[in-house]
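Number of protein chains: 2
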Amino acid sequence: MMMLDDEVKQRAIMVSEAIEDMLPIVHPKGLYEASRHLVDAGGKRLRPGMLLMATEAVGGDPRAAIPAAVSIELVHNFTLIHDDIMDNAETRRGRPAVHVKWDESGAILAGDTLYSKAFEIIATTESDPANIVAAMDMLAKTCAAICEGQWLDLEFEKRGQVSEDEYLEMVEKKTGVLYGAAAWVGAKLVGASEDELRGLEEFGRLVGMGFQIEDDVLDLTAPMEVLGKPRGGDLAEGKKTLIMIHAMDHGVELEIFGKKNATQEEIEAALDTLQNSGSIEYAKTKATTLVEQGKDALKVLEDSPAKTLLLELADYMIDRSY
Amino acid sequence: MMMLDDEVKQRAIMVSEAIEDMLPIVHPKGLYEASRHLVDAGGKRLRPGMLLMATEAVGGDPRAAIPAAVSIELVHNFTLIHDDIMDNAETRRGRPAVHVKWDESGAILAGDTLYSKAFEIIATTESDPANIVAAMDMLAKTCAAICEGQWLDLEFEKRGQVSEDEYLEMVEKKTGVLYGAAAWVGAKLVGASEDELRGLEEFGRLVGMGFQIEDDVLDLTAPMEVLGKPRGGDLAEGKKTLIMIHAMDHGVELEIFGKKNATQEEIEAALDTLQNSGSIEYAKTKATTLVEQGKDALKVLEDSPAKTLLLELADYMIDRSY
Numbered sequence: 001m002m003m004l005d006d007e008v009k010q011r012a013i014m015v016s017e018a019i020e021d022m023l024p025i026v027h028p029k030g031l032y033e034a035s036r037h038l039v040d041a042g043g044k045r046l047r048p049g050m051l052l053m054a055t056e057a058v059g060g061d062p063r064a065a066i067p068a069a070v071s072i073e074l075v076h077n078f079t080l081i082h083d084d085i086m087d088n089a090e091t092r093r094g095r096p097a098v099h100v101k102w103d104e105s106g107a108i109l110a111g112d113t114l115y116s117k118a119f120e121i122i123a124t125t126e127s128d129p130a131n132i133v134a135a136m137d138m139l140a141k142t143c144a145a146i147c148e149g150q151w152l153d154l155e156f157e158k159r160g161q162v163s164e165d166e167y168l169e170m171v172e173k174k175t176g177v178l179y180g181a182a183a184w185v186g187a188k189l190v191g192a193s194e195d196e197l198r199g200l201e202e203f204g205r206l207v208g209m210g211f212q213i214e215d216d217v218l219d220l221t222a223p224m225e226v227l228g229k230p231r232g233g234d235l236a237e238g239k240k241t242l243i244m245i246h247a248m249d250h251g252v253e254l255e256i257f258g259k260k261n262a263t264q265e266e267i268e269a270a271l272d273t274l275q276n277s278g279s280i281e282y283a284k285t286k287a288t289t290l291v292e293q294g295k296d297a298l299k300v301l302e303d304s305p306a307k308t309l310l311l312e313l314a315d316y317m318i319d320r321s322y
Numbered sequence: 001m002m003m004l005d006d007e008v009k010q011r012a013i014m015v016s017e018a019i020e021d022m023l024p025i026v027h028p029k030g031l032y033e034a035s036r037h038l039v040d041a042g043g044k045r046l047r048p049g050m051l052l053m054a055t056e057a058v059g060g061d062p063r064a065a066i067p068a069a070v071s072i073e074l075v076h077n078f079t080l081i082h083d084d085i086m087d088n089a090e091t092r093r094g095r096p097a098v099h100v101k102w103d104e105s106g107a108i109l110a111g112d113t114l115y116s117k118a119f120e121i122i123a124t125t126e127s128d129p130a131n132i133v134a135a136m137d138m139l140a141k142t143c144a145a146i147c148e149g150q151w152l153d154l155e156f157e158k159r160g161q162v163s164e165d166e167y168l169e170m171v172e173k174k175t176g177v178l179y180g181a182a183a184w185v186g187a188k189l190v191g192a193s194e195d196e197l198r199g200l201e202e203f204g205r206l207v208g209m210g211f212q213i214e215d216d217v218l219d220l221t222a223p224m225e226v227l228g229k230p231r232g233g234d235l236a237e238g239k240k241t242l243i244m245i246h247a248m249d250h251g252v253e254l255e256i257f258g259k260k261n262a263t264q265e266e267i268e269a270a271l272d273t274l275q276n277s278g279s280i281e282y283a284k285t286k287a288t289t290l291v292e293q294g295k296d297a298l299k300v301l302e303d304s305p306a307k308t309l310l311l312e313l314a315d316y317m318i319d320r321s322y
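Protein chains in written order, with our numbering: chain A, 1 to 322; chain B, 1 to 322.
Keep in mind that the hints are not guaranteed to be accurate.
The list cannot tell twin chains apart, which means a pair is met if one copy fits it or any two copies do.
Dumping the calculated DSS-like pairs for lysine-lysine here, alpha-carbon to alpha-carbon at most 27 Å [as the list claims (entries may be wrong)]: (1) Lys-141 / Lys-284; (2) Lys-44 / Lys-9; (3) Lys-101 / Lys-141; (4) Lys-158 / Lys-29; (5) Lys-284 / Lys-158; (6) Lys-29 / Lys-295; (7) Lys-239 / Lys-307; (8) Lys-29 / Lys-239; (9) Lys-29 / Lys-141; (10) Lys-286 / Lys-299; (11) Lys-259 / Lys-9; (12) Lys-229 / Lys-44; (13) Lys-101 / Lys-29; (14) Lys-158 / Lys-299.
I should point out that these hints are in silico values taken from the structure, not numbers from a laboratory.
Full structure from sequences and hints, please.
Here you go:
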């Protein structure tokens, strides 16, 4: 795992350097500073990392895919900036959210600018133009799906009941498809076969879904030192995660669900209930199953160091203890 | 002029029908209804109309450019939806703004969805892939410039002084470049020469700027029946238009400038002052000059009925009495 960590970091550095180069702070400076604010806060850059590994896993030169990797990272940040407005989020990656540091108008424009630059940057790829059109089309379809996912997420908040299938659709669209697109685009730009592309897209999408479900599990189970906040916040917020959907489907009633002023003691008691009902275990198993299915989809690829990295990355994404 | 009107209408109908087909209301319905709300309210569809005329003016088949025409119209609507949030606009094209009929989150997502669909739809063009990449790149660069223009516009509101050059840059980015892109993309997708492309881009950009400046003039001069609201609203709002910049540069002081509760009588008196200082005439002349310069840039094109239409469209855009 030490090795994987280094491989992820090395690619994150490449992507950060390329961002510096491809998204300079030009006139009007304020707009580009707002656009770079969240991007520069870093993060693990897992999506562009996966993209570059996918390029290598089909025998391509990852340097050719750097603009695409930057583009995927910018799309991710664009969606975060707009989501933070909608969710009234105060902070992100330890920094004030863009709409807090600037204002809502600034955050809308910063997001729109990142989205524009994502297309502009991927268009500079040196590849067969037909592959570039396909990659840009994939990016556009993916962003439309992300909007659908966020729309569903907001809609679910207003509803009493959400089914597991509906939840999975939302997670697939909000998180899965961008990982799927990352793996697909990285391979497409270096001319991968249809089989390879299908396998990689499925890999990214399923692993991304597992990652998101694991995230919901961690919110309920990880210690404060790891989360940076007391666990169980999703319960008080009334977030309809897979864990809560399982619990509700099994007749578990949590009085403090959606009760914003619940005490940490009440939350801990509710967490015990969710442990006993098997709801947390259920979500954990679902996350693992999705990741295993995703890894399975890589069977179409020949063995290579990059393929091994992708498989390790998949495990890492649900083994995170942060 | 009757003929031009028919030509514009005919293309608007083609574009509206294509939108129906290319942007169907699918799951999740609410998102696509919000995305279509403003698009369906119509308007003259001048941008896609110009795009289709440009295709014809370089000898291409406009049917090949229909997806691109739809794409330009969706980009335009995406920017309007987001602008209306930022400007707290209540209505648009006689309908409640998207953020009023839904909410801000819905309007952010509807805009993002239209932007995504614009790229998805233009990618379906049947053309040389290298031309499609170039067109998508132009679209992306144009949207980044529109964001810059809107950023500048918001920044100018907070400032005391704005120079004419700054104002012209803002108008070029907010309005000019999208017309420039429309004319350029329509020609590029059917393989126009570099000279033709340069001329068409310049034509669209300058004519678009003239159109916007004329819009500011109309706000101050058109009768209520035409505007649908009492004239001079920009004065009470304190909008730094070219007219006001000229007036301020010439030492004209308007007490009611930025005074939201100004009476119509006070506004009319201020309008007299702006007539006497030559500020309104100055802006009118600037609009006309820009349009003439734009028309001049079409010299590179061979004469054709479509070129004549473009020239007539340019005049029409500043002769509007609505």
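Open item on the list: Tell me the numbers of any earlier hints that the structure contravenes, in ascending order.
Closed with: Hint check: 1, 6, 7, 11, 14 fail, others pass.
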